[in-house]
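Protein chains in written order, with numbering that gives the first Met the number 0: chain B, 0 to 259; chain S, 0 to 289; chain U, 0 to 314.
Do not take every clue at face value.
[As the list claims (entries may be wrong)] Computed footprint of chain S on chain U, listed as stretches where at least three residues anywhere in the stretch have a Cβ under 8 Å from a Cβ of chain S:
{"hint": "1", "region": "122–132"}
{"hint": "2", "region": "170–177"}
[Said to hold, decoys possible] Below, in silico cross-link-like pairs of lysine to aspartate or glutamate (EDC-like), each with a Cα-Cα straight-line distance of 20 Å or less:
{"hint": "3", "chain 1": "U", "residue 1": "Lys108", "chain 2": "B", "residue 2": "Glu133"}
{"hint": "4", "chain 1": "S", "residue 1": "Lys261", "chain 2": "U", "residue 2": "Glu132"}
{"hint": "5", "chain 1": "S", "residue 1": "Lys114", "chain 2": "U", "residue 2": "Glu282"}
{"hint": "6", "chain 1": "B", "residue 1": "Lys195", "chain 2": "B", "residue 2": "Glu133"}
[What the hints assert, rightly or not] Distance windows between CB atoms, simulated:
{"hint": "7", "chain 1": "S", "residue 1": "Asn115", "chain 2": "B", "residue 2": "Asn85", "range": "51 to 59 Å"}
{"hint": "8", "chain 1": "B", "residue 1": "Arg58", "chain 2": "S", "residue 2": "Ser158", "range": "42 to 50 Å"}
{"hint": "9", "chain 1": "B", "residue 1": "Leu111", "chain 2": "S", "residue 2": "Leu210", "range": "47 to 55 Å"}
{"hint": "10", "chain 1": "B", "residue 1": "Ser55", "chain 2": "S", "residue 2": "Ser158", "range": "53 to 61 Å"}
{"hint": "11", "chain 1": "U", "residue 1": "Leu275", "chain 2": "S", "residue 2": "Met0", "range": "53 to 61 Å"}
{"hint": "12", "chain 1": "B", "residue 1": "Gln225", "chain 2": "S", "residue 2": "Lys164", "range": "34 to 42 Å"}
Calculated directly from the structure, the hints in this document are not laboratory data. Small disclaimer: the values here were computed from a predicted structure and weren't measured. Backbone N, C-alpha and C fix where the C-beta goes; we use that ideal spot for every residue, glycine too.
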Amino acid sequence: MSALAVDNIGIGFGGLTALDGVSFRVGNGEIFAVIGPNGAGKTTLFNIVSGLYAPSKGRVQLGVDDVTGLEPHRLAQRGLSRTFQNLQIFFRMTAAENVMVGRHLHESRGILAQLLALPSVWRQNRATRAKADELLAFVGLSAFADRPAGELPYGALKKLEIARALATEPRLLLLDEPAAGCNPVETQEVDAVIQKIAATGVSVVLVEHDMKLVMKISNRIHVLNQGRTLAEGSAAEVRSNPAVIEAYLGRRKGEADAQG
Amino acid sequence: MPEFLQFLFSGLTIGAIYALVALGFTLIYNASDVINFAQGEFVMLGGMVTFFAAAAGVPLPLAALLAIVVAVAVGLLLHRFAIEPARGASAVTLIIITIGASILLRGVAAVVFDKNFHSFPPFAGTTPWNVGGATILPQSVIVLLGAGIIVVAMWALMSMTLIGKAMVATAANKLAAQLTGINTRAIIGLSFAVSAAIGAIGGILVTPITLTSYDVGTLLALKGFAAAMLGGMGHPFGAVVGGLIVGLLESFGAGYISSAYKDAIAFIVILAVLFFMPNGLFGKASAERV
Amino acid sequence: MMAALLQSRYGIVLLIAAGIVLIPLVTPSTFYLRVAILVYIFSIAVVGLNLLMGFAGQVSLGHAGFFGIGAYAVAVGPTHFGIPSWASLLIGVALAGLIAYVVGRPILKLRGHYLAVATLGMGILIAMVFTNEARFTGGPDGMPVPRLVLFDWVVRGVTTWYWVSGVSLVIAAAIAVNLIASPTGRALRAIHDSETASHVLGIDVARYKLVVFVISAVYAAVAGAYLALFDALVTPVTAGFLRSIEFVTMAVLGGLGSILGSVVGAAVLVVLPQMLTVFHDYEHIALGAIMIVFMIFLPAGIVPSLGRLFGRKFS
Chain B
0 MSALAVDNIG IGFGGLTALD GVSFRVGNGE IFAVIGPNGA GKTTLFNIVS GLYAPSKGRV
60 QLGVDDVTGL EPHRLAQRGL SRTFQNLQIF FRMTAAENVM VGRHLHESRG ILAQLLALPS
120 VWRQNRATRA KADELLAFVG LSAFADRPAG ELPYGALKKL EIARALATEP RLLLLDEPAA
180 GCNPVETQEV DAVIQKIAAT GVSVVLVEHD MKLVMKISNR IHVLNQGRTL AEGSAAEVRS
240 NPAVIEAYLG RRKGEADAQG
Chain S
0 MPEFLQFLFS GLTIGAIYAL VALGFTLIYN ASDVINFAQG EFVMLGGMVT FFAAAAGVPL
60 PLAALLAIVV AVAVGLLLHR FAIEPARGAS AVTLIIITIG ASILLRGVAA VVFDKNFHSF
120 PPFAGTTPWN VGGATILPQS VIVLLGAGII VVAMWALMSM TLIGKAMVAT AANKLAAQLT
180 GINTRAIIGL SFAVSAAIGA IGGILVTPIT LTSYDVGTLL ALKGFAAAML GGMGHPFGAV
240 VGGLIVGLLE SFGAGYISSA YKDAIAFIVI LAVLFFMPNG LFGKASAERV
Chain U
0 MMAALLQSRY GIVLLIAAGI VLIPLVTPST FYLRVAILVY IFSIAVVGLN LLMGFAGQVS
60 LGHAGFFGIG AYAVAVGPTH FGIPSWASLL IGVALAGLIA YVVGRPILKL RGHYLAVATL
120 GMGILIAMVF TNEARFTGGP DGMPVPRLVL FDWVVRGVTT WYWVSGVSLV IAAAIAVNLI
180 ASPTGRALRA IHDSETASHV LGIDVARYKL VVFVISAVYA AVAGAYLALF DALVTPVTAG
240 FLRSIEFVTM AVLGGLGSIL GSVVGAAVLV VLPQMLTVFH DYEHIALGAI MIVFMIFLPA
300 GIVPSLGRLF GRKFS
């Protein structure tokens, strides 16, 4: 049984086909990368899998459940979490509070108890905070815990999104360009964090432009081009696939091949 | 049938005024993203200044012209001293500023003029025409014609003149407009001036039918706002259609359903439209990028 | 010591309570106590509205509608149906919550200006019912409100109302503070910053918007009932558009997202017109000018701006 099965999905926006007939499976504890040139449909794919868009065709399966078209919070309940390419940080909250929000599904949420601030709510707040501190330490952001998120440097925000997503205790984690805009040191750190996450048995699906990172940590790579699947396989297989090379390096080589 | 026609005529007349208010909203909204709740006060100024100037002995046409000039001046002052200094503020802050301006203008009108209802004689006589058993006031025709001329003039301004194109460009993308050398600040000021003039003309045209007083602006602004929403915020054509629809619904609702709830009908329909078509009749759905 | 107290969770609530206790010691004048009562009653409504606007980031230009439901409940219930005032108050508050629940579902899907116009329409519709159903409400002239009686205790007189409204405000503020520091409060603040991220993290965004909308409607209805009982009179102005705008202005003026700000905002907008009654004709001019000037120069609101000035964070 795979953690995620995407089956022949497609979606269009105003006559423009963004994705068509894309299928793949992600195994438990696997690091699975989705790559492709800009506009290939990677983020659209993430938006469908995480429930932000409903596909016009095809099926998304988490474990054994068909989850196509379910709302994002329902998917979160089923163990899916994600980060965003354009950061979606809660800027008016502190770093720790950002992660605490991620604990939402694991908190008891009786509204009356909360309005009256019963002792159980206080205890729970402390437990949530402790878990948030643990996760901040996991991604190396302990020093920022009580700082407003708006004051954090870019690289730290990327890691904060990962910590927040982990707070939901996902079985499947989608990371949308976790290393984009990071310097080499920060990229190293992100790399290490992803491997640590996968080591705990969480399946990771990764969209990333940093090919060095992708090739190094991915078990398998799925290549998209203009909304369609171009290739799928190990780093070595994808690297030597002529269609992939053509898509990345342009038509020149393809033409040369055809002529030669 | 005569009844139906009667409701149709009165609905179109009042709808034309809502359309002008909505058009004014749209102009300012497009240029500056500001919802100007003081739009109704321009209509009030149009009627009140004309009445008091005429009462002071100024010939009616001159009085009307004066009213437009006053409204434009107020519009420019509003932009210069209330909107400009608050650039970059949140939508709620801007809403409060324009509502504050609306209350301020109403207060000034109550002090400078008075708190009574006023009217001046219709421009083309008072003898109603009989059409299919319904009566039309000549002034209603003037309102519709006037509104029609303004709409056509606005369209011509937007599509044929350089200034109009600069306004359209500013509405579409302020930064890009600035980069091509358009003085967007002046354009936003201009949109306040034009929108004030449109409101004032509406007020002048309709006062012989509906009367005016210092506080007519609030409800007009709300309904004009609703009309602009109905048409799809930011669409001049939608604003005009929305205004006419609100006017017609109100007139037929008052006639056939309940005159006590005349004002309610417009809002009920608008709520319904917002629920089923959150972007209005002509607005495009905007996809959120994440 | 003072600073530490303010930083603590109930610091703001204690500060408000201290103010309420001190004011009668400083000025026993009935006139000032009456003004204070109005400030406390409006503050209750504004604290609720601030939960909706300041924390969850959802605007409402129609909260006077809920305020009016509370106010008319304590007028209509005893007068026409023989229901005791206290029960009418509870019924009115429940009704406001119920209407918020029903209307909130579709309305809260809207955003920004569209949400503003929808709530505005809702508020105006509620006010119209009060104006038009003259058989029950007395129409535009309004109707008298019988005194509140609790177990043979007639709640009347300025001193009594001062303590009733003051204690109620402290309770209202404490409950708001509790909510903010709870999982629900974090969810609401998260929704304010990014609905998408909140949704993905498992927060049922639509449900939480509805929850806070209902809570804020309940706050408004309680305040409305108090005002009607205190004034012994209710008119459609209670529920009108301008009242809604007043609430929003109080919330923004004091500071969105600041409980103390809600009280300060209410105080400014209640006290200033009282001082300006001398210039009765210029009251509107002054009110409009105040709204514009404050929004331009203190867009973050009084309390957050002062907090920044003194380098301290009030909440």
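Evaluate the given range 53 to 61 Å for the C-beta pair formed by Ser55(B) and Ser158(S).
Roughly 37 Å apart at Cβ, these two residues miss the hinted range, so it is violated.
Straight-line alpha-carbon gap Lys114(S) to Glu282(U), limit 20 Å:
Within the cut-off at roughly 14 Å; holds.
Proposed proximity, Glu133(B) with Lys195(B) (alpha carbon, max 20 Å):
OK: Lys195(B) and Glu133(B) at ~14 Å, within 20 Å.
Do the alpha carbons of Lys108(U) and Glu133(B) lie within 20 Å of each other, as the hint requires?
Violated, at about 36 Å.
Given the hint of 53 to 61 Å, check if Leu275(U) and Met0(S) actually sit that far apart at their C-beta atoms.
Once the Cβ atoms are compared, 55 Å apart, the range 53 to 61 Å for Met0(S) and Leu275(U) holds.
So if I understand the rule, the pair passes when the alpha-carbon distance is 20 Å or less; does Lys261(S) with Glu132(U) pass?
holds (14 Å)
Between the region 170–177 of chain U and chain S, see if three or more residues pass the 8 Å beta-carbon test, and mark the coverage as holds or violated.
Violated - the region 170–177 of chain U has 0 residues with a Cβ nearer than 8 Å to chain S, which falls short of three.
Okay, Arg58(B) versus Ser158(S) on CB: inside 42 to 50 Å?
Between Arg58(B) and Ser158(S), where Cβ atoms are some 48 Å apart, the hint holds.
Can you let me know if the beta-carbon spacing of Asn115(S) and Asn85(B) is within 51 to 59 Å?
About 57 Å separates the Cβ atoms of Asn115(S) and Asn85(B), which means 51 to 59 Å holds.
For the region 122–132 of chain U, do three or more residues have a beta carbon lying closer than 8 Å to a beta carbon of chain S?
Satisfied; 4 residues make the cut.
Is it true that the C-beta distance of Leu111(B) to Leu210(S) lies inside 47 to 55 Å, as the hint says?
Since the Cβ atoms of Leu111(B) and Leu210(S) sit about 54 Å apart, the hinted range of 47 to 55 Å holds.
Holds or violated: 34 to 42 Å for the Cβ distance of Gln225(B) and Lys164(S)?
Because 35 Å falls inside the window, the suggested range holds.
In summary, the structure is inconsistent with hints 2, 3 and 10 from the numbered list given earlier, while agreeing with the others.
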